[in-house]
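Listed in order, the protein sequences are those of chains A and B. Reminder that position 189 of the first sequence reads as 189 in full-length UniProt numbering, one-by-one numbering, no gaps. Reminder that position 150 of the second sequence reads as 150 in full-length UniProt numbering, one-by-one numbering, no gaps.
Any given hint could be a false lead.
As the list claims (entries may be wrong) - Facing chain B, according to a computed beta carbon distance under 10 angstroms, are these residues of chain A, among others:
no.	residue
1	Ala-138
2	Gly-153
3	Arg-154
4	Phe-155
5	Glu-185
6	Ala-187
7	Glu-188
8	Tyr-192
9	Tyr-193
10	Phe-203
11	Pro-205
12	His-264
13	Pro-266
14	Phe-271
To be verified - Far from chain B, by Cβ distances over 10 angstroms, these chain A residues were calculated:
no.	residue
15	Pro-15
16	Thr-16
17	Phe-122
18	Asp-125
19	Gly-161
20	Asp-257
21	Glu-294
22	Gly-297
23	Val-316
24	Arg-332
25	Ala-341
Source of the hints: derived by calculation from the structure; they are not laboratory data. The C-beta atom is built at its ideal place from N, Cα and C for all residues, glycine as well.
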Amino acid sequence: MQFGIFTVGDVTPDPTTGRTPSEHERITAMVRIALKAEEVGLDVFATGEHHNPPFVPSSPTTMLGHIAARTERLILSTATTLITTNDPVKIAEDFAMLQHLAGGRVDLMLGRGNTGPVYPWFGQDIRQGVPLAIENYALLHRLWREDVVDWKGRFRTPLQGFTSTPRPLDGIPPFVWHGSIRSPEIAEQAAYYGDGFFANNIFWPKEHFQRLIGLYRERYAHYGHGTPEQAIVGLGGQVFMRRNSQDAVREFRPYFDNAPVYGHGPSLEEFMDETPLTVGSPQQVIDKTLTFREHFGDYQRQLFLIDHAGLPLKTVLEQLDLLGEEVVPVLRKEFAARRPAGVPDAPTHASLLAARDTETPAETAR
Amino acid sequence: MSTVPPVPSAGEEGRVSERFGEHGTPHEKSRADPLRVVAVAAGLGTPSSTRLLADRLAAATRDHLTEAGHPAEVTVVELRDLATDIANAMVTGFPGTRLRTTIEAVTGADGLIAVSPIFSASYSGLFKSFFDVIDNTALAGRPVLIAATGGTARHSLALEHALRPLFTYLRAIVVPTAVYAAPEDWGTGGDGAGDLAARIGRAAGELAALMGHRPPASPAQETVVPFEDQLAALRPD
Numbered sequence: 001m002q003f004g005i006f007t008v009g010d011v012t013p014d015p016t017t018g019r020t021p022s023e024h025e026r027i028t029a030m031v032r033i034a035l036k037a038e039e040v041g042l043d044v045f046a047t048g049e050h051h052n053p054p055f056v057p058s059s060p061t062t063m064l065g066h067i068a069a070r071t072e073r074l075i076l077s078t079a080t081t082l083i084t085t086n087d088p089v090k091i092a093e094d095f096a097m098l099q100h101l102a103g104g105r106v107d108l109m110l111g112r113g114n115t116g117p118v119y120p121w122f123g124q125d126i127r128q129g130v131p132l133a134i135e136n137y138a139l140l141h142r143l144w145r146e147d148v149v150d151w152k153g154r155f156r157t158p159l160q161g162f163t164s165t166p167r168p169l170d171g172i173p174p175f176v177w178h179g180s181i182r183s184p185e186i187a188e189q190a191a192y193y194g195d196g197f198f199a200n201n202i203f204w205p206k207e208h209f210q211r212l213i214g215l216y217r218e219r220y221a222h223y224g225h226g227t228p229e230q231a232i233v234g235l236g237g238q239v240f241m242r243r244n245s246q247d248a249v250r251e252f253r254p255y256f257d258n259a260p261v262y263g264h265g266p267s268l269e270e271f272m273d274e275t276p277l278t279v280g281s282p283q284q285v286i287d288k289t290l291t292f293r294e295h296f297g298d299y300q301r302q303l304f305l306i307d308h309a310g311l312p313l314k315t316v317l318e319q320l321d322l323l324g325e326e327v328v329p330v331l332r333k334e335f336a337a338r339r340p341a342g343v344p345d346a347p348t349h350a351s352l353l354a355a356r357d358t359e360t361p362a363e364t365a366r
Numbered sequence: 001m002s003t004v005p006p007v008p009s010a011g012e013e014g015r016v017s018e019r020f021g022e023h024g025t026p027h028e029k030s031r032a033d034p035l036r037v038v039a040v041a042a043g044l045g046t047p048s049s050t051r052l053l054a055d056r057l058a059a060a061t062r063d064h065l066t067e068a069g070h071p072a073e074v075t076v077v078e079l080r081d082l083a084t085d086i087a088n089a090m091v092t093g094f095p096g097t098r099l100r101t102t103i104e105a106v107t108g109a110d111g112l113i114a115v116s117p118i119f120s121a122s123y124s125g126l127f128k129s130f131f132d133v134i135d136n137t138a139l140a141g142r143p144v145l146i147a148a149t150g151g152t153a154r155h156s157l158a159l160e161h162a163l164r165p166l167f168t169y170l171r172a173i174v175v176p177t178a179v180y181a182a183p184e185d186w187g188t189g190g191d192g193a194g195d196l197a198a199r200i201g202r203a204a205g206e207l208a209a210l211m212g213h214r215p216p217a218s219p220a221q222e223t224v225v226p227f228e229d230q231l232a233a234l235r236p237d
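Between the sequences and the hints, there should be enough to build the whole structure, so can you do that?
Set out below in structure tokens:
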């Protein structure tokens with residue numbers, strides 16, 4: 001099982017000091033957080049993609065390329081790459097290039113984006129969100145698998161004899177997760193291709209995601225990729241920890257109460273009851289995360305959101321120490337002990353390459 | 001119908017089937033499962049005249065159903081108790097447990113009675129907010145009786161220009177008689193053709209008749225279009 005962190009990349013004032021970091025500070029903080037994730041033994045760093053303030057990460061592969069050069073082991077991913085407003089040709093090129101630079105330590109999570117005004121900035125229309133996601137991914141899927149593509153569709157100019165370069169590293173396309181908060185169409189899409197399904201469950205109650213993940217697992221089996229239990233599932237979760245849980249609650253409450261995404265609604269305690277948010281001791285985070293397996297089945301990737309609500313970088317790095325030292329080692333052991341045989345790990349470049357080479361004798365490396 | 005029908009006793013079954021018998025077989029559903037009537041009252045006072053109107057409409061609907069041979073279960077929900085939960089659902093995008101339970105009761109009802117006080121020429125903000133946090137397809141095809149209370153009869157058409165279009169948008173089936181209760185209505189005796197008791201009886205009868213004619217409410221099923229069909233829909237000609 002993979003453990004990692006994902007970041008939205010928001011510039012949020014620290015409500016305890018009133019100070020707002022600059023974009024430059026936030027970008028360098030995101031890089032520092034990614035490097036620290038590798039130092040403390042996490043597996044994955046994923047960045048969001050946004051094109052409007054107060055968010056900074058508009059160019060994920062630029063940032064991930066930089067992080068790739070400064071890490072050895074960390075898998076670099078996104079949460080999410082906008083399959084609706086990005087040209088699938090450019091996604092194919094950017095992520096193949098990143099694969100080569102990162103030695104294959106790359107996958108990506110596709111999402112639609114939910115802010116209407118963003119679409120026309122890229123020549124698109126939010127009312128076509130689901131059809132865009134379907135057509136664009138169908139093209140992206142081919143661009144990574146076919147050397148020469150003739151293609152015609154509704155949303156971009158046709159392609160004649162087009163080759164997306166560079167070709168994916170070793171001819172292995174990056175593994176794709178389809179991220180969804182509410183659309184059964186996206187669960188169906190992930191199941192059809194046998195791709196991963198990431199349920200970003202950080203805000204909605206679990207019953208909703210049980211239905212969505214249940215649908216994905218059932219359709220994954222329907223399309224012949226394996227049993228429902230073998231489908232590749234990822235989950236989110238947001239945490240704030242101190243060794244003593246009262247200290248965690250006391251310190252995080254002003255951040256929760258004022259954060260644009262949390263504050264001015266339910267209390268911290270109500271929000272913790274209804275969503276994966278855990279504010280408490282490392283043991284409480286361990287206990288809550290283990291309940292995800294009971295609700296959603298054995299899964300392959302757990303991403304934590306830790307740089308939320310305007311927390312300063314120093315605090316976020318302390319969170320990473322706690323995750324790496326106290327939480328993730330226990331979770332690895334506990335999840336492994338509970339996991340039945342036959343439930344696969346999340347695919348990586350190395351595992352996909354090994355699987356391909358056992359099926360067909362090795363081709364010439366690209 | 002000019003008077004409120006009496007609550008029938010068990011011995012009056014024969015008369016009931018005679019009344020409905022001339023219309024063929026109006027009620028197909030199993031007699032074992034009671035029909036679920038849910039009344040939503042958005043009144044703020046305690047006691048509330050909006051709640052009182054909801055109670056009377058719910059009881060009259062139950063009586064009509066019983067008379068027609070349908071056992072019925074009645075639930076009355078006061079939105080006042082859920083005001084904070086509704087506001088929280090608006091800012092978080094999801095309902096908490098308590099509100100979710102109420103939403104499930106409302107969307108699972110066989111017939112809905114929706115009663116709002118009239119504030120500033122329309123339904124109250126709390127009433128609208130509750131229906132805003134419910135999925136906009138969850139009440140499609142559901143029989144609904146609309147009713148309102150107000151400080152003056154001059155606002156009675158708010159039922160027609162505010163509540164009825166709201167439920168039409170939600171694709172609910174709104175019964176023809178909408179019931180408005182002004183202060184003077186509570187003080188009149190139940191003897192005139194247009195008085196409150198008569199209007200309650202007529203509206204409840206309409207709701208009960210619609211409920212008896214439709215299949216039982218079932219929870220909305222998530223339907224998924226197979227992916228090949230989604231792809232095919234996008235294929236250029």
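Each hint tested on the structure:
1. Nearest Cβ of chain B to the Cβ of Ala-138/A: about 6 angstroms, under the 10 angstroms cut. The hint holds.
2. For Gly-153/A, the interface hint holds, since its Cβ comes within 10 angstroms of a Cβ in chain B; the closest pair sits about 6 angstroms apart.
3. Given hint, Arg-154/A at the interface with chain B, holds; its Cβ is 6 angstroms from that chain's nearest Cβ, closer than 10 angstroms.
4. Against a cut-off of 10 angstroms between C-beta atoms, the interface hint on Phe-155/A holds, since the closest Cβ of chain B lies about 9 angstroms away.
5. The interface hint given for Glu-185/A is met, as the beta carbon of that residue sits about 7 angstroms from the closest beta carbon of chain B, less than 10 angstroms.
6. The criterion of a C-beta within 10 angstroms of any C-beta in chain B is met by Ala-187/A, whose closest approach is roughly 8 angstroms, and the hint holds.
7. Using the Cβ-Cβ criterion of 10 angstroms, the hint placing Glu-188/A at the interface with chain B is satisfied: the shortest such distance is roughly 5 angstroms.
8. Hint status for Tyr-192/A: holds, given a least beta-carbon distance of 4 angstroms to chain B, under 10 angstroms.
9. Annotation: interface hint on Tyr-193/A holds; nearest CB of chain B at approximately 8 angstroms, less than 10 angstroms.
10. Hint status for Phe-203/A: holds, given a least beta-carbon distance of 6 angstroms to chain B, under 10 angstroms.
11. Interface restraint check for Pro-205/A: the shortest CB-CB distance to chain B comes to about 6 angstroms, inside 10 angstroms, so the restraint holds.
12. Hint on His-264/A holds. Least Cβ distance to chain B is approximately 6 angstroms, under the 10 angstroms limit.
13. For Pro-266/A, the interface hint holds, the least distance from its beta-carbon to any beta-carbon of chain B being 5 angstroms, beneath 10 angstroms.
14. Of the supplied interface hints, the one on Phe-271/A holds, with its beta-carbon coming within about 8 angstroms of a beta-carbon of chain B, less than 10 angstroms.
15. Its beta-carbon lying about 17 angstroms from the closest one in chain B, Pro-15/A satisfies the requirement of being farther than 10 angstroms from that chain.
16. Residue-level check passed: Thr-16/A sits 22 angstroms from the nearest beta carbon of chain B, beyond 10 angstroms.
17. The beta carbon of Phe-122/A sits about 19 angstroms from the closest Cβ of chain B, which is more than 10 angstroms, so the claim that it is off the interface holds.
18. Once the 10 angstroms rule is applied to beta carbons, Asp-125/A is consistent with being away from chain B; the minimum gap is 14 angstroms.
19. At roughly 18 angstroms, the least C-beta separation between Gly-161/A and chain B is larger than 10 angstroms, which holds for a residue marked as non-interface.
20. Remark: the non-interface label on Asp-257/A is consistent with the geometry, its nearest Cβ contact in chain B lying 12 angstroms away (cut-off 10 angstroms).
21. Separation of Glu-294/A from chain B is adequate, the least Cβ-Cβ distance of about 18 angstroms exceeding the 10 angstroms criterion.
22. At roughly 18 angstroms, the least C-beta separation between Gly-297/A and chain B is larger than 10 angstroms, which holds for a residue marked as non-interface.
23. Listed as outside the interface, Val-316/A is consistent with that label: its C-beta sits roughly 23 angstroms from the nearest C-beta of chain B, beyond the 10 angstroms cut-off.
24. With a closest Cβ-Cβ approach of about 31 angstroms to chain B, Arg-332/A is found to remain outside the 10 angstroms limit, as its non-interface label requires.
25. With 10 angstroms as the threshold on Cβ separation, the claim that Ala-341/A sits away from chain B holds: the shortest Cβ distance comes to roughly 30 angstroms.
In this structure, every one of the numbered hints holds.
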